[in-house]
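Q: Chains A and B, in that order, are what the protein sequence lines are. Using my numbering, you'd call the opening residue of the first sequence number 125 and step up by one each time. Using my numbering, you'd call the opening residue of the second sequence number 2 and step up by one each time.
Hints are not guaranteed to be accurate.
What the hints assert, rightly or not - A few chain A residues facing chain B, derived, Cβ under 10 Å:
1. LEU133
2. GLN158
3. VAL160
4. VAL193
To be clear, the hints were calculated from the coordinates, so they are not data collected in a lab. Heads up, the beta-carbon is just placed ideally off N, CA and C, and yes, glycines get one too.
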Amino acid sequence: MSENQDEKLDQMLRSRRIEPAHRDLAARIILKAQTVPQVQNLSLWQAVRQLFAEFHLPQPGYVLATALVLGMMLGFSTAPDNAQMSDAGSVTAQSYIASDEELL
Amino acid sequence: MPAPWPEKDDHELLALVQSGSHPAFAELVQRHTARFYRLAFRYLQNKEAAEDMVQDAFLKLWEDPGKWQADRNTKFTTWFYRVVVNLCLDWQKRKRPLAINEEMPLADERESVDQTMLRDEEQRILEQEIAALPERQRTALNLCFDEGLSNQDAADAMGVNLKALQSLIMRAKTTLKERMKNYL
Numbered sequence: 125m126s127e128n129q130d131e132k133l134d135q136m137l138r139s140r141r142i143e144p145a146h147r148d149l150a151a152r153i154i155l156k157a158q159t160v161p162q163v164q165n166l167s168l169w170q171a172v173r174q175l176f177a178e179f180h181l182p183q184p185g186y187v188l189a190t191a192l193v194l195g196m197m198l199g200f201s202t203a204p205d206n207a208q209m210s211d212a213g214s215v216t217a218q219s220y221i222a223s224d225e226e227l228l
Numbered sequence: 002m003p004a005p006w007p008e009k010d011d012h013e014l015l016a017l018v019q020s021g022s023h024p025a026f027a028e029l030v031q032r033h034t035a036r037f038y039r040l041a042f043r044y045l046q047n048k049e050a051a052e053d054m055v056q057d058a059f060l061k062l063w064e065d066p067g068k069w070q071a072d073r074n075t076k077f078t079t080w081f082y083r084v085v086v087n088l089c090l091d092w093q094k095r096k097r098p099l100a101i102n103e104e105m106p107l108a109d110e111r112e113s114v115d116q117t118m119l120r121d122e123e124q125r126i127l128e129q130e131i132a133a134l135p136e137r138q139r140t141a142l143n144l145c146f147d148e149g150l151s152n153q154d155a156a157d158a159m160g161v162n163l164k165a166l167q168s169l170i171m172r173a174k175t176t177l178k179e180r181m182k183n184y185l
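One chain only, chain B, in its complex shape (with noise of 0.2 Å):
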């Protein structure tokens, strides 16, 4: 489906949203849907979990846009970060914690089988001691290391300054540095 509004800002096309059009929808869609994905998935490390958590967020927009109150001075990605990550954080205190895919694809095949084993392990115990961390530790370290969200961004995000910020990234990290020091 072709971009009907490519040259709007978010606002002006959640206005638009907000008057019930479905090409602005779309065009928020497109737009965002990548990027709240990779959040997703540092959360739930479920493909399809991570997909039907995005659906949700963006049809609980659609179905609702009234909630986004554009006078807050607040941007969109940032509210809609925390919206995601909320629905995230209530999937998993819902269900169980899936165990890490063993089996998901490899991110250099130039790699020897090797490098490549140990990589995979590293990532493996990586993603099993970022999701044993405390909520908003493992919150911050997701935001903070998501492209193209800048510290601020991410501190809004969690309703929080940039000081405790940087104070949850640097506890998540000291932990993680522990609990890999063999990896490191």
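Isolated chain A (complex conformation) (with noise of 0.2 Å):
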């Protein structure tokens, strides 16, 4: 009788009733993880690595010559008015020595 019913009961547990899941459950999870970003688990080492590629320049003689070129003109185009605020400059402190010499 009790091995009758360990039977039973096997049979019952093997044939639990399972409702089948949507057919795209698969295709849902895949498309929903493209969504998704991973995370990454970086070493100290690996950290920094990535912080000095985020400064790396792809055509550095490029940069440079682009860089010379862009000071020249800079330069160029600002030499004239500091010429100009020295002299001004030049001129204020003279007249300054000149009332000092005056009171003396």
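Two chains, each in its own frame: build the complex with the hints.
A: Quick look at the structure:
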């Protein structure tokens, strides 16, 4: 009797009904994963390398040449104004010296 | 979507997933979704909830594939069974137990109406009694009666030895036999 019960129970446990999943469940999971970014566990060294990689210049020659040209253009365009300012400054200084001498 | 690497084993696919490969992840999902859905359904007795659990488990794996460590000498499926079981148990703790769906499709359409009703009733009572079992006994039962999972794999998934698993199964079945004696 007990053996029969065991068999019947085993049979019932094996034949437990399972409602089938939607056919597109796997496709849904795959699609959803495409919108989820992966967490990256970086070591300290990898993080430092990644930081330096952010400043990597793809064509340093062109960058250097462009910087030089821009620097020269800026230098030439601002040089005369500086000269005027320094002249004006020297005049002002001379007037101060002269006024000091008058007092003495 | 065609399976790009059906010849690769789970561990090779996981290594590719860890390097961000979507096709490897897709292959893994297509390979194992059905079996993990079955397990989740046995716990939750609810199609939508079981689908959500499987989706959550796979998305957690995709999001942080570093959680899987190949050097632990565990099969992917054994480890992932544990992930799904834990998600299901968490879900059950958060929600109230679901009523057993009484309108589930019938297993065999050739049965007479009386047989069908009796069988339906048996299944409903069985699910209720399984749901009332202690957590570890329920997990052991759900894992051991899943096709394709050996007792050793089930023991590994639960983190117990084989004898402990057999003891849990024995106790669960004794309880069920007692509670279901009118149907056996």
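Q: Taking the hints in turn, state whether each one holds.
A: Hint check:
| no. | hint | verdict |
| --- | --- | --- |
| 1 | LEU133 | 6 Å, holds |
| 2 | GLN158 | 6 Å, holds |
| 3 | VAL160 | 6 Å, holds |
| 4 | VAL193 | 41 Å, violated |
The structure is inconsistent with hint 4 alone, although it conforms to all the rest.
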